[in-house]
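Heads up: the protein sequence lines correspond to chains F and A, in order. So for the first sequence, the numbering used here puts the first residue at 14; every next one is plus one. So for the second sequence, the numbering used here puts the first residue at 1369; every next one is plus one.
None of these hints come from the bench; they were simulated from the model. Using N, Cα and C, we set each Cβ at its ideal position, and we do this for glycine too. One should not assume that every hint holds.
To be verified - Stretch-level coverage of chain A by chain F, calculated; a stretch enters the list once three of its residues show a Cβ under 8 angstroms from a Cβ in chain F:
{"no.": "1", "segment": "1369-1375"}
{"no.": "2", "segment": "1383-1392"}
As the list claims (entries may be wrong) - Derived, one-sided and incomplete: chain F residues facing chain A with beta-carbon distance under 7 angstroms:
{"no.": "3", "residue": "V183"}
{"no.": "4", "residue": "L190"}
{"no.": "5", "residue": "K191"}
{"no.": "6", "residue": "R699"}
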Amino acid sequence: MTPTETCFHCALPVPANCKLTVDIEDEQRPVCCPGCKAVAELIRDTGMSRYYDLRDAPDPGVGRPPEDAAEWRVFDSAEMLEAFTQRDGDMCEATIYVGGMYCSACSWLIETTLGRQPGVSAAEVNPITHRLRLRFPGKDAHLSRHLATLAALGYQPQPMSPESTTRPEVAEQRTALKRLLVASLGMMQVMMFAVGLYAMDFQGIDADMQHFLRLVSFFVTTPVVFYAARPFFTSAWRGVVGRKPGMDLPVSIAVGSAYVASIYATFAKGEAVWFDSVTMFVFFLTLGRFLEMRARHRSIDRSAALSSLLPNTATRIDGDTHSVVPVSQLAAGNRVLIRAGEAIPADGILESGTSSVDEALLTGEARPQPKAAGDELSAGSINLDGMLEMTVTKTGGDTTLGTISRLSERARYARPAFVTLADRIASYIVIALLVVATAVATFWYFTDPGRAFVITLSVLVVTCPCALALATPAAFAAAGSRLSQLRLLVTNGNAIETLSRATLAMFDKTGTLTVGAPRIAAVFVVDNAFTERDCRIMAAALEHASTHPLARAFALQDPLPSVRSPNIVIGQGISGVIDGREWRIGNGEFVGGGAMADDSIATHVFLGVDGNVVAWFELEDELRPDARKTLDALRQLGLDLALVSGDNRVAVESVARTLGIDDAHHECTPEDKLAIIEAAQQAGERVVMIGDGINDAPVLAGADTSVAPAHGALLAQTSADVIMLGESLAPLTTAIEMSRKTMRIVRQNLAWAIVYNALALPLAAAGFVPPWLAAIGMSASSLVVVLNALRLNRFE
Amino acid sequence: MSILYVLIPLALLLLGAAVWAFFWAVGSGQFDDLDTPAVRVIMDDDSKPDEEDTP
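Using the sequences and the accompanying hints, generate a full structural model.
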């Protein structure tokens, strides 16, 4: 593995397991994904000559063999089109989740390729949510063709039902946009009339014209108050009913009373109107809410990513006939057939067949699990070698996978404890504010009744605790969105605060500090007729046929001898004929050496020929390439490091020595790990636990903050506060630096809000602040807070 | 000045038309994706110019 290899096309690092190359100018160039490969080839082909253009080159996917396209053909049936597309006159619109997209070249490729298909009027990819919006003619619609094209390009397309596409975020954003527009246009218009009114105040005014301008202002302000500002009124009312007045209450009182008083002044031909203040106040509030909402929405849609782990179709057995149906049509009690290499479409009980199943997704366990009739199978795990028949017990959201994805979804929407605290404090502030406003109103009513209303209005507007209430959530939302761009998902809002105060980072070993995939550590040659190199080549040739995770350890770049009649014996090993002799690789018994004492330190794999053991391999887990650098960076940040592992002393100590960790614990049960964490917490440390295994779930929950890599067990991720996407450990340092910066910004914001309110309140109460200035002051203070928070978006 | 009695209602009519057009655009999904259009301009630069020639 050469981690420095970058994609020839887009310069992103090439994933370790990616073997794609493209032949440009007689040289094999590495590329990172099928999209880049295809784009690079397209460029090369067009660059060489226009011959292919003139020949009317077939689009990728059109030449795909029909038997492969059959998988998608079910999506052409009327009921499938009904379920997965929305009709709009003659056109159909489908939303397709495209799995396997990595970079912007992918969206370019998808848009260009699909856009050239006959009849397709729109193909738009959102590279952030990985969703493709496709419009094509409804008459003899061939959804299957587009899906097959996507599949031929190397992606995993997944049509989404309309319910899952009309997500609540979209509806919320649409309404918010409309409200923002009404408020902004209304504000601009009313401002223009207000300029007229003020100018006329100085130059003397025609009473009819003044009345007319006031009427028009009233006319324009009305939709601003009743449409754009409606969320404030409803939220204020909810607060009153629930006896938890929020900051929307003074806002509503200010907007409502100024509006009513202005109407009265308009029709009673009074002194002044405040329509301009009303609209400006509503506009800035709406703008603040809109920015906050956008930041909140910008987290990657994990549920779609999870559901893409399920296959699109399943082979259902109805009596004697096999039919390919979409997974969404499976029901409990159905029997399904799962071929080798396919993902299991639903939870169920294995009826017949034996196989080993890769459950790494759910449990983090890299070794395949043997399954026999009567065993339970989980949706999303992969059938590695045998042909299975399964009775479905649970489908869709009821499966273990569905439950996990729901749990992680819920965790995302949970509000952090101290934001809730800030809200509670805000409600006390609101009550205090209303008391102050009443006192100010009473005072001025007896001193100068003519100014009482205007001053009270200014006090209400200027002291609106918006900035105070926005200070924390705005910073958190901005930090969350930036972190997700930096490949870190924050699932628990408290995590940012606890991370910023972490003093001790505790690591699990396997799969966290190490790659979790084995590597050949040593080769012991028993038969002197062969060199170590011969043994490695023979092993690589045999293992080439296998999908077993251990097989990857043997892969070699060299040319391999061909293996005749390879045979995979489940749970035993592989046999095959090379140069006329029968070679075997696998456990001792299978190879012919009899069972050998296999201690648990490392995995041993035996290689034999004609029933005699030739060599054995010791497989060991490899350290992550950037583990050392990351740990050094953490030390620089002032964190202590510790290692807790269930592994034996030798393995743990060797890793601890390599990485320079003094505090290493070996052979820990999850209870031991938890005890170690609690002891550290007793000693005043704030612990970040980084672990990936299913056994780590309680340990992760016990730490102050928990971090899990995304390739680990899903169950570990549901109890983790932060999930690191990608293979690297480096995001960990980013997370800690980012959390510290976020807390700094939160403190700045709170300080600013308090200073502003402390200055503005006395000035307004003394009558120095007219309502329009109050509206500007309050809005400006909120915008300062939001803009300060948005600085986090530029964090590197 | 009495021209204002005509011009202001006219402006309000135009305002109403603008709001209606925007509501329609939002409703038809044109504003659902506020992130991609900003990126899309850059996307073409990712690929070399000669591929623009492909029909």
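Hints breached by this structure: 6
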